[in-house]
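Enquirer: Okay, here's what each chain looks like letter by letter:
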Amino acid sequence: MIEFLARRAMISVVTLLVISVIVFVGVRMIPGDPARVLAGSDADAAGIEEIREKYGLNAPIPVQYVRWLALAVRGDLGESIRTRQPVTRTVAIKLPITLELACLSLLVAVAIAVPAGVVAAVRRNSVWDVLASGVSLCGVSIPNFWLGIMLILLVSVRLGWLPASGFVPIADDPLGNLRRMLMPSLVLGAGLAAVLMRQTRNAMIEVLSADYVRTARAKGLAQPAVVVRHALRNGLIPVVTILGLQMGALMSGAVVTEQIFVLPGFGRLIVEAVFTRDYPVVQGVVLLTASSYVLINLLVDVSYTVLNPRIRIRGTADGA
Amino acid sequence: MAREAATVASLALPVEAPAAPAGGWRRAWRVGRKRPAAAAGAVIVLLYAAMAAGAPWIAPSDPTRTDWGQIRKAPSRAHPFGTDDLGRDGFSRVVWGARISMQAGVFSILLAILIGVPIGLVAGYYRGALDQLIMRLTDAWLAFPFLILAIGLVTILGPSLTNATLAIGLGATPTYIRLTRGLVLSTSAEDYVHGARALGAGDVRVMGRHILPNIVSAIVVQATVAIPTAIIAEAVLSFLGLGVQPPAPSWGTMLNTAQQFLEQAPWMAYWPGLAIFVLALSFNLAGDGLRDVLDPRDS
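Protein chains in written order, with the working numbering: chain A, 33 to 352; chain B, 4 to 302.
For the record, the hints were derived by calculation from the structure and aren't laboratory data.
All values derive from a computational prediction rather than experimental measurement.
Ideal placement from N, C-alpha and C gives every residue a C-beta, glycine not left out.
There may be inaccurate statements among the hints.
Some chain B residues flagged as far from chain A (calculated, every beta-carbon gap over 12 angstroms) [what the hints assert, rightly or not]: (1) TRP60; (2) LYS76; (3) LEU243; (4) ALA278.
Output of the computed footprint for chain B on chain A, the stretches with three or more beta carbons under 8 angstroms from beta carbons of chain B [to be verified]: (5) 104 to 111; (6) 180 to 188; (7) 286 to 294.
Which chain B residues face chain A? A few, computed with CB under 8 angstroms, are given here [to be verified]: (8) ILE151; (9) ASP194; (10) ILE235; (11) GLN262.
So that you can see chain A by itself, here it is in the shape it has in the complex (with noise of 0.2 angstroms):
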């Protein structure tokens, strides 16, 4: 198991070393001088200059990289060019919101979907199943951010309940907070509800035709005990490991829904970073975005090895 898990922890730690070559070029392929570009419209010769000393733009582009990485594992990934705060400072302030919405909608996610998906794998190509997959198909084909603005339109413009958009700090107004975060909640988690949900209803149709839940039955187990206490268990395990996979889209997901709703998070902060054309922090958000979804899938294996330990004598959970 120890030898599985090096393994795996490498092959990640080689993903990290390739993603960082890949988002180290990319800033390079931006058409210009990356001097000029990092001093901003408003530089004078000098300055420009000086930015080319200063990061060192004149040695060659493998001693650049690696000078860049050396400071970046230490979380120095530069200045905005915008507001001249550290990247990862000004990354730190907008994070907390984005993790808030991102667990509040992984919540609703898991709380529709689950129940939903073990209803329908119960009750199979019954009335509920047809109804479930629908719904479900619906949650896939629709647009999150147009289901964002339908929502403004009813609840906040014709209803008046919630207001549409803006951020409290949970510290200061806990409802008031929770009142803002509830509809980009509802949108984000809705897609996601959607993907958990038929992964749900597909793990349970496989795990409650396994022996074990038929001897669970034959000692004469109550529905709802072998449903949930035998069934459930094992029926989640891969669920897990697609909510692992699911980070990215619940990242993209963020970026859309922040915008909509004008909450100050991350998925905003790069949008923003794109139009200001801020490249240190275009390159920190995506840099530090992807060593998240490795980390946090690395995290999903390592978890989904102790968990089923098949895994750990096969040895083999290629890339993913």
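Assemble the complex: chain A is given as a structure, and chain B must be docked to it using the hints.
Expert: Chain B only, in chain A's frame:
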């Protein structure tokens, strides 16, 4: 998703037979009767395609023509979908939007297939160090959440429909590399592949003539799932201002504008969104049906 083994088998049988065009239509008709939802989806997708192709004749007016006397007018006989903040006809813009959406959806996935399938073929066929290298690159590629990757690319290349299509296509590519590689790994072990090799067929011939035809249906099925996702992705990029630029009528761009006038002109937000939703849903429904026809194993 109720499907009985008997039905699937009876549907799958004609696929093996050298079907004449008439037989193909008859089969489509039979599948359609068994699965009305899938048939309806396919018909709606075709209607959208017709709308995209025939936009100049279907749209009553130029989608970019502004009319200062008709700003944000509610739906009426002259403007069934209302008008927008510049007095442009909403219906005409939705019709022309189909063109952009279909283009972005189909071309991006085509690009992903053109890049991903050959790479996956090579990785799965030769295995070894080359495979390892390709898979590590694919892992890294997959680690960029789609929108983050697209945002990065658009930052480098600049926002436009072409670049959005490129970004979506590149984002979808790793899925095809992995899918193809997995399919090749299992297909290479088949007897007919060994047979072809024993008869002296070269690598390219084995890959192109013996492996590829057997994995094509799985790739097509994956495409029907990927296209609606790509269509939504184009709308998202345009909504964020990173895709199609105004005044071109993209559904995403239209929704971006509509959000600023939700209280005064809610109709501006209804139709473009509904157009995306119905198209994506129809693609998904048709894809489900196609999966049953082409890939009867997967049930």
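Enquirer: Which earlier hints turn out false for this structure, listed by number in ascending order?
Expert: 3, 4, 5, 9
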